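> Here is what each chain is made of, one letter per residue.
Number of protein chains: 2
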Amino acid sequence: HLSHTNFTKYSLTKLLIRNQLVEQFKCLEQQSESRIQLLQDLQDFFRRKAEIQLEYSRSLEKLAERFSNKIRSSREHHQFKKDQHLLSSVNCWYLVLNQTRRESRDHATLNDIYTNNVIVRLAQISEDVIRLFKKSKDIGIQMHEELVKVTNELYTVMKTYHMYHTESISAESKLKDAEKQEEKQFSKSADLNVHLLRHEDRPQRRSSVRKIEKMKEKRQAKYSENKLKCTKARNDYLLNLAATNAVVAKYYIHDVSDMIDCCDLGYHASLARTFRTYLSAEYNLETSRHEGLDIMENAVDNLDSRSDKHKIMDMHNQVFCPPMRFEYLPHMGDEVCQVSAQQPVQTELLMRYHQLQSRLATLKIENEEVRKTLDATMQTMQDMLTVEDFDVSDAFQHSRSTESIKSVASETYMSKLNVAKRRANQQETEVFYFTKFKEFLNGSNLIIKLQAKHDLLKQTLGEGERAECGTTRPPTLPPKPQKMRKPRPRSIYNHKLFNGNMETFIKVPTHESVNMDSIVFMVNHFLVTLLVSVIHALLSLLP
Amino acid sequence: HLSHTNFTKYSLTKLLIRNQLVEQFKCLEQQSESRIQLLQDLQDFFRRKAEIQLEYSRSLEKLAERFSNKIRSSREHHQFKKDQHLLSSVNCWYLVLNQTRRESRDHATLNDIYTNNVIVRLAQISEDVIRLFKKSKDIGIQMHEELVKVTNELYTVMKTYHMYHTESISAESKLKDAEKQEEKQFSKSADLNVHLLRHEDRPQRRSSVRKIEKMKEKRQAKYSENKLKCTKARNDYLLNLAATNAVVAKYYIHDVSDMIDCCDLGYHASLARTFRTYLSAEYNLETSRHEGLDIMENAVDNLDSRSDKHKIMDMHNQVFCPPMRFEYLPHMGDEVCQVSAQQPVQTELLMRYHQLQSRLATLKIENEEVRKTLDATMQTMQDMLTVEDFDVSDAFQHSRSTESIKSVASETYMSKLNVAKRRANQQETEVFYFTKFKEFLNGSNLIIKLQAKHDLLKQTLGEGERAECGTTRPPTLPPKPQKMRKPRPRSIYNHKLFNGNMETFIKVPTHESVNMDSIVFMVNHFLVTLLVSVIHALLSLLP
Chain A
1 HLSHTNFTKY
11 SLTKLLIRNQ
21 LVEQFKCLEQ
31 QSESRIQLLQ
41 DLQDFFRRKA
51 EIQLEYSRSL
61 EKLAERFSNK
71 IRSSREHHQF
81 KKDQHLLSSV
91 NCWYLVLNQT
101 RRESRDHATL
111 NDIYTNNVIV
121 RLAQISEDVI
131 RLFKKSKDIG
141 IQMHEELVKV
151 TNELYTVMKT
161 YHMYHTESIS
171 AESKLKDAEK
181 QEEKQFSKSA
191 DLNVHLLRHE
201 DRPQRRSSVR
211 KIEKMKEKRQ
221 AKYSENKLKC
231 TKARNDYLLN
241 LAATNAVVAK
251 YYIHDVSDMI
261 DCCDLGYHAS
271 LARTFRTYLS
281 AEYNLETSRH
291 EGLDIMENAV
301 DNLDSRSDKH
311 KIMDMHNQVF
321 CPPMRFEYLP
331 HMGDEVCQVS
341 AQQPVQTELL
351 MRYHQLQSRL
361 ATLKIENEEV
371 RKTLDATMQT
381 MQDMLTVEDF
391 DVSDAFQHSR
401 STESIKSVAS
411 ETYMSKLNVA
421 KRRANQQETE
431 VFYFTKFKEF
441 LNGSNLIIKL
451 QAKHDLLKQT
461 LGEGERAECG
471 TTRPPTLPPK
481 PQKMRKPRPR
491 SIYNHKLFNG
501 NMETFIKVPT
511 HESVNMDSIV
521 FMVNHFLVTL
531 LVSVIHALLS
541 LLP
Chain B
1001 HLSHTNFTKY
1011 SLTKLLIRNQ
1021 LVEQFKCLEQ
1031 QSESRIQLLQ
1041 DLQDFFRRKA
1051 EIQLEYSRSL
1061 EKLAERFSNK
1071 IRSSREHHQF
1081 KKDQHLLSSV
1091 NCWYLVLNQT
1101 RRESRDHATL
1111 NDIYTNNVIV
1121 RLAQISEDVI
1131 RLFKKSKDIG
1141 IQMHEELVKV
1151 TNELYTVMKT
1161 YHMYHTESIS
1171 AESKLKDAEK
1181 QEEKQFSKSA
1191 DLNVHLLRHE
1201 DRPQRRSSVR
1211 KIEKMKEKRQ
1221 AKYSENKLKC
1231 TKARNDYLLN
1241 LAATNAVVAK
1251 YYIHDVSDMI
1261 DCCDLGYHAS
1271 LARTFRTYLS
1281 AEYNLETSRH
1291 EGLDIMENAV
1301 DNLDSRSDKH
1311 KIMDMHNQVF
1321 CPPMRFEYLP
1331 HMGDEVCQVS
1341 AQQPVQTELL
1351 MRYHQLQSRL
1361 ATLKIENEEV
1371 RKTLDATMQT
1381 MQDMLTVEDF
1391 DVSDAFQHSR
1401 STESIKSVAS
1411 ETYMSKLNVA
1421 KRRANQQETE
1431 VFYFTKFKEF
1441 LNGSNLIIKL
1451 QAKHDLLKQT
1461 LGEGERAECG
1471 TTRPPTLPPK
1481 PQKMRKPRPR
1491 SIYNHKLFNG
1501 NMETFIKVPT
1511 HESVNMDSIV
1521 FMVNHFLVTL
1531 LVSVIHALLS
1541 LLP
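Quick mapping for you: the protein sequence lines, in order, are chains A and B. Okay, so the first sequence: first residue is 1 according to the working numbering, each after it adds one. Okay, so the second sequence: first residue is 1001 according to the working numbering, each after it adds one.
Treat the hints as calculated values from the structure; they're not laboratory data. Predicted, not measured: the structure shown is a model, and the values here were computed from it. Accuracy of the hints is not assured; some may be wrong.
Unchecked claim - Selected chain B positions facing chain A (in silico; Cβ < 7 angstroms):
| hint | residue |
| --- | --- |
| 1 | LEU1021 |
| 2 | PHE1025 |
| 3 | ARG1048 |
| 4 | LEU1054 |
| 5 | TYR1056 |
| 6 | ALA1243 |
| 7 | HIS1268 |
| 8 | ARG1276 |
| 9 | THR1277 |
| 10 | GLU1282 |
| 11 | ARG1325 |
| 12 | GLU1335 |
| 13 | ALA1376 |
| 14 | THR1380 |
| 15 | PHE1396 |
As the list claims (entries may be wrong) - Quick list of simulated restraints, FRET-style, between CB atoms:
| hint | chain 1 | residue 1 | chain 2 | residue 2 | range |
| --- | --- | --- | --- | --- | --- |
| 16 | A | SER393 | B | ILE1295 | 16 to 24 angstroms |
| 17 | B | MET1163 | A | ALA361 | 51 to 59 angstroms |
| 18 | B | GLU1388 | A | SER393 | 29 to 37 angstroms |
| 19 | B | SER1415 | A | LYS149 | 43 to 51 angstroms |
| 20 | B | GLU1291 | A | ASN298 | 35 to 43 angstroms |
| 21 | A | ARG66 | B | ASP1383 | 46 to 54 angstroms |
| 22 | A | LYS149 | B | THR1435 | 38 to 46 angstroms |
| 23 | A | SER393 | B | VAL1387 | 14 to 22 angstroms |
| 24 | A | LYS438 | B | MET1163 | 35 to 43 angstroms |
| 25 | A | VAL148 | B | PRO1344 | 28 to 36 angstroms |
| 26 | B | ILE1130 | A | ASP334 | 47 to 55 angstroms |
| 27 | A | THR287 | B | LEU1417 | 37 to 45 angstroms |
To be verified - Computed list of chain B residues with no C-beta within reach of chain A, every gap over 10 angstroms:
| hint | residue |
| --- | --- |
| 28 | ILE1130 |
| 29 | GLU1179 |
| 30 | LYS1180 |
| 31 | ILE1212 |
| 32 | ASN1235 |
| 33 | ASP1375 |
The beta-carbon is built from N, C-alpha and C at its ideal position, and this holds for glycine as well.
Let's have the full structure, built from the sequences with the hints guiding it.
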């Protein structure tokens, strides 16, 4: 029999193992169920997210379509809007719509990828998890059967050993009994030998001794046999014990881990590929967005009031083309076509010339002052108008609080108070600018008129003086009149209409050597424009 | 009087100018109206886009919330799910939800920026356009009045010149008349002088001559006066003509452009700032998205089945903790606790030992073959499982056709046919792998048992030999038994449970010098685990 303690020890270990095996399966099953649940959640999630992408995509598409249609019909109905897209500001608006369409398309693509790729993958992984769990459990059952087998074997060999040892003990005690009897017999016969020589009861005693010896021999044989059996059984037990412990250790160190690996087979890799598909889609959406935004940003960088102004003037060429100069229309038969500076008007003209000269000097100084103020005011306005108040990155800070979305309108540059203050300031400056501009305009108009008269007088008087001198030296023409109005230094004012050709044109009638081709071209151009305008003017005169 | 041609010329030029001025205003007005329309469209657009952002944001928020709630309640109800987030796969899922929440917040921010910043700016620009158009028109009116004024003045001085020239011509003809009369008188008196000297009618004739001379003088004076007047008028006309042409030229070259500039004042700059606000918002949204995706990508890179397996085993420590070794339980009084290799079992044991040795050699070779097949199969599976099939950038190509969204599921790697083929292939390999794995498991279980027995026998027989020799030389222990099962080369199998501590632990009872601290720690750890398991086992035995 096994001792009670030994039995308990063995059984407890075996029970513990069996219990763990059951729990291990439970654990694997739980894990697989968790995974299936996770995969189901992911599928549900992406199904709904795909829907959201589609809704978003459709909303954006509708939005872009609405305004594109509006632009299309407006172009059809208003001739003058046909070339609007050439204007940099309108171009930005069209690009905003393009970007919206691009976003719409990209989010539709996202929907497609979620639905036809990500979700399909997730469903497959789910199948894999179920299938692999079953197969791994099969493997596990095989492993567990092995454990049960070896522990049962161990139990068997242990029982055998204990049985043989019990028998061995009993054989030993029987042998010992026999040995004691033999000893007793021996001491008895030694006593008798001393007292009784040649007795008639000797054969009887001899047969008794032989009997005892025989028994002892028998018991000795039995004992040896049992002892050998027991030794073999113990050896078997010890060898099986080592084997069992080795198998159990292997199971816990390697096999159980291998079983989990079987369960996991490809799970992480497939899941990673699914997430990478999702990431690839999202990153690509982002790249596409970014490309669109860059195009947009480029268009914003190219917002240019000067170029837009020139485009508008080009579009309305007839309206902004300078008219023909007023010609000198002499009275019938009057052959004089120049200012005459002979006496008696010479003195008066000279006086007038000097008056004009001093008047102009004063006016120019005054107007230059106005111009400086105007430029400074414009600079102030430009600073207000180009203030870099458009960075909204603060609104996208996630780090601190995840809950509260910072309102962009509060606290910042765009707060109502700030905006109102800025606008009031801006409009005040604007009013001042316009006042000064009118003043400058009046001044410069006066100056240009006086300057024209002054220059003509100067030229005339120079010729007159020459005429009076009557010498043969080449005429020293008075210096060509300076253009009164210097272009203002700010580039915004420093433009030239029609690429400056107009100034060339204006100069033609008054001056000497000009490229004939360009004159012919300009005159032709001007004439065509003029004729169209004349027809226009005449038509408007009809009742 | 002006000649008809001259009058027409002057009037046409003046009419052309007036007509152009009207058209210029119309053009400016049209342009301003276009701008107001554009700004209105932009406001409408961004208002609707803001709504779409909010809808999108809310949908995403609801989606994330739905699954977050599910996770929360699942954690509360299932104890074992509490630490699930430690698993790399579950972590990815949580990050997908985080990213969704982040997107939701960012799109809500976009809504806020559109509504409270972009639209506000657009409305302000609209106001500016209206106000500046009015002010610019005022300036324009002033400019036009100046043009009308100078052209009217020119007309007046031209008329004056023509009038004086007419008068000058008439005075000249009258003077010529008088000169003719004087000449006639002169020739008559010369005739008389020849025929009549000292005549009585001389005084009468002298008075007639004096009368003619007086008239001539008067007419001469009148003519000179008129000629001077005419010269002055012509000079005035020529000077005014120059001034007028200068003013007109200035208007067409500079003033009209300045007027447009006044209209444009700040329009492009403000529009640019508005678009830049939009761009800043969009770029920041993108940056935020990107940050989130990078976190996500990092988590996907860290998807790790090995670490997850260890975490699961740690979480279920009791279930995976190796049990106590089966102890040798000797029968009462049996003091032998080792395999005995004395005669008569020695021969048999030796024979058994040699049999085991040759059996093991064969088995190991066989099982090594199985292992090689297994590894190759695993490699094939790994290649299938880690194929890089997740790039969906093709779906986001906008360049070619803007209309057709390429379906990701068609043609590509994810096509149904391809997927089915791949999966069939994968599962076939899987089946083969499991068959081989079972084979390998059987083989290695057998080997480990035989090896344990073999090692024990080897040790015993070695000791037995030593004991028989009875020499004093130090015992030459048989070489320590090699671990039968070599760790497989694939790192996925090359793990150690509990950071390999278990193996150390397993070795403790059989071997010599081990750090006592670590033994104490391990034993404590093991005992605690064991006691818990025992209690568990005992509880499960209760009726």
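> Please go over all the hints and tell whether each is borne out by the structure.
Evaluated hints:
The closest approach between the C-beta of LEU1021 (chain B) and any C-beta of chain A is roughly 9 angstroms, which is over the 7 angstroms cut-off, so the hint fails. Given hint, PHE1025 (chain B) at the interface with chain A, is violated; its Cβ is 10 angstroms from that chain's nearest Cβ, farther than 7 angstroms. For ARG1048 (chain B), the interface hint holds, the least distance from its beta-carbon to any beta-carbon of chain A being 5 angstroms, beneath 7 angstroms. Interface hint at LEU1054 (chain B): violated, since its Cβ lies 11 angstroms from the closest Cβ of chain A, which is beyond the 7 angstroms cut-off.
Contact between TYR1056 (chain B) and chain A, as hinted, is supported at the beta carbon level, the nearest pair being about 5 angstroms apart and thus within 7 angstroms. Checking ALA1243 (chain B) against chain A: minimum C-beta separation of about 4 angstroms stays under 7 angstroms; hint holds. Of the supplied interface hints, the one on HIS1268 (chain B) holds, with its beta-carbon coming within about 4 angstroms of a beta-carbon of chain A, less than 7 angstroms. The restraint placing ARG1276 (chain B) at the interface with chain A holds, with a minimum CB-CB distance near 4 angstroms, inside the 7 angstroms limit.
Because the beta carbon of THR1277 (chain B) sits about 4 angstroms from the nearest beta carbon in chain A, less than 7 angstroms, this interface hint is met. Interface restraint check for GLU1282 (chain B): the shortest CB-CB distance to chain A comes to about 5 angstroms, inside 7 angstroms, so the restraint holds. Residue-level restraint check for ARG1325 (chain B) holds (minimum Cβ-Cβ distance to chain A is 5 angstroms; threshold 7 angstroms). A least Cβ separation of about 11 angstroms between GLU1335 (chain B) and chain A goes past the 7 angstroms threshold, and the interface hint is therefore violated.
At a threshold of 7 angstroms, the smallest CB-CB gap from ALA1376 (chain B) to chain A is about 15 angstroms, leaving the interface hint violated. For THR1380 (chain B), the interface hint is violated, since its Cβ never comes within 7 angstroms of a Cβ in chain A; the closest pair sits about 12 angstroms apart. For PHE1396 (chain B), the interface hint holds, the least distance from its beta-carbon to any beta-carbon of chain A being 4 angstroms, beneath 7 angstroms. Hint check: SER393 (chain A) to ILE1295 (chain B), Cβ distance near 19 angstroms, so the stated range 16 to 24 angstroms holds.
A hinted range of 51 to 59 angstroms for the beta carbons of MET1163 (chain B) and ALA361 (chain A) is inconsistent with their spacing of about 35 angstroms. Checked against the given bound of 29 to 37 angstroms, the beta carbons of GLU1388 (chain B) and SER393 (chain A), roughly 35 angstroms apart, stay inside it. In this structure the hint that SER1415 (chain B) and LYS149 (chain A) lie 43 to 51 angstroms apart at CB holds, the actual value being about 49 angstroms. At roughly 25 angstroms, the beta carbons of GLU1291 (chain B) and ASN298 (chain A) sit outside the given window of 35 to 43 angstroms.
Distance hint check: the CB atoms of ARG66 (chain A) and ASP1383 (chain B) are about 51 angstroms apart, consistent with the given range 46 to 54 angstroms. Take LYS149 (chain A) and THR1435 (chain B): their Cβ atoms lie about 21 angstroms apart, and the range 38 to 46 angstroms is violated. The beta-carbon spacing between SER393 (chain A) and VAL1387 (chain B), approximately 40 angstroms, falls outside the hinted interval of 14 to 22 angstroms. For the pair LYS438 (chain A) and MET1163 (chain B), the beta carbons lie near 36 angstroms from each other, so the given range of 35 to 43 angstroms is met.
The hinted window of 28 to 36 angstroms between VAL148 (chain A) and PRO1344 (chain B) holds, with their beta carbons roughly 34 angstroms apart. Under the hint 47 to 55 angstroms, the C-beta atoms of ILE1130 (chain B) and ASP334 (chain A), about 53 angstroms apart, fit the expected range. About 30 angstroms separates the C-beta atoms of THR287 (chain A) and LEU1417 (chain B), a value inconsistent with the hinted range of 37 to 45 angstroms. The beta carbon of ILE1130 (chain B) is kept farther than 10 angstroms from every beta carbon of chain A, the shortest such distance being approximately 12 angstroms.
The claim that GLU1179 (chain B) lies off the interface holds: its Cβ sits roughly 19 angstroms from the closest Cβ of chain A, which is beyond the 10 angstroms cut-off. The claim that LYS1180 (chain B) is not at the interface with chain A holds, since no C-beta of that chain comes within 10 angstroms of its own (minimum 20 angstroms). Non-interface status of ILE1212 (chain B) relative to chain A is upheld: no Cβ of that chain comes within 10 angstroms, the nearest being about 27 angstroms off. The beta carbon of ASN1235 (chain B) sits about 5 angstroms from the closest Cβ of chain A, which is not more than 10 angstroms, so the claim that it is off the interface is violated.
Remark: the non-interface label on ASP1375 (chain B) is consistent with the geometry, its nearest Cβ contact in chain A lying 13 angstroms away (cut-off 10 angstroms).
Checked against the numbered hints above, the structure violates hints 1, 2, 4, 12, 13, 14, 17, 20, 22, 23, 27 and 32; every other hint is satisfied.
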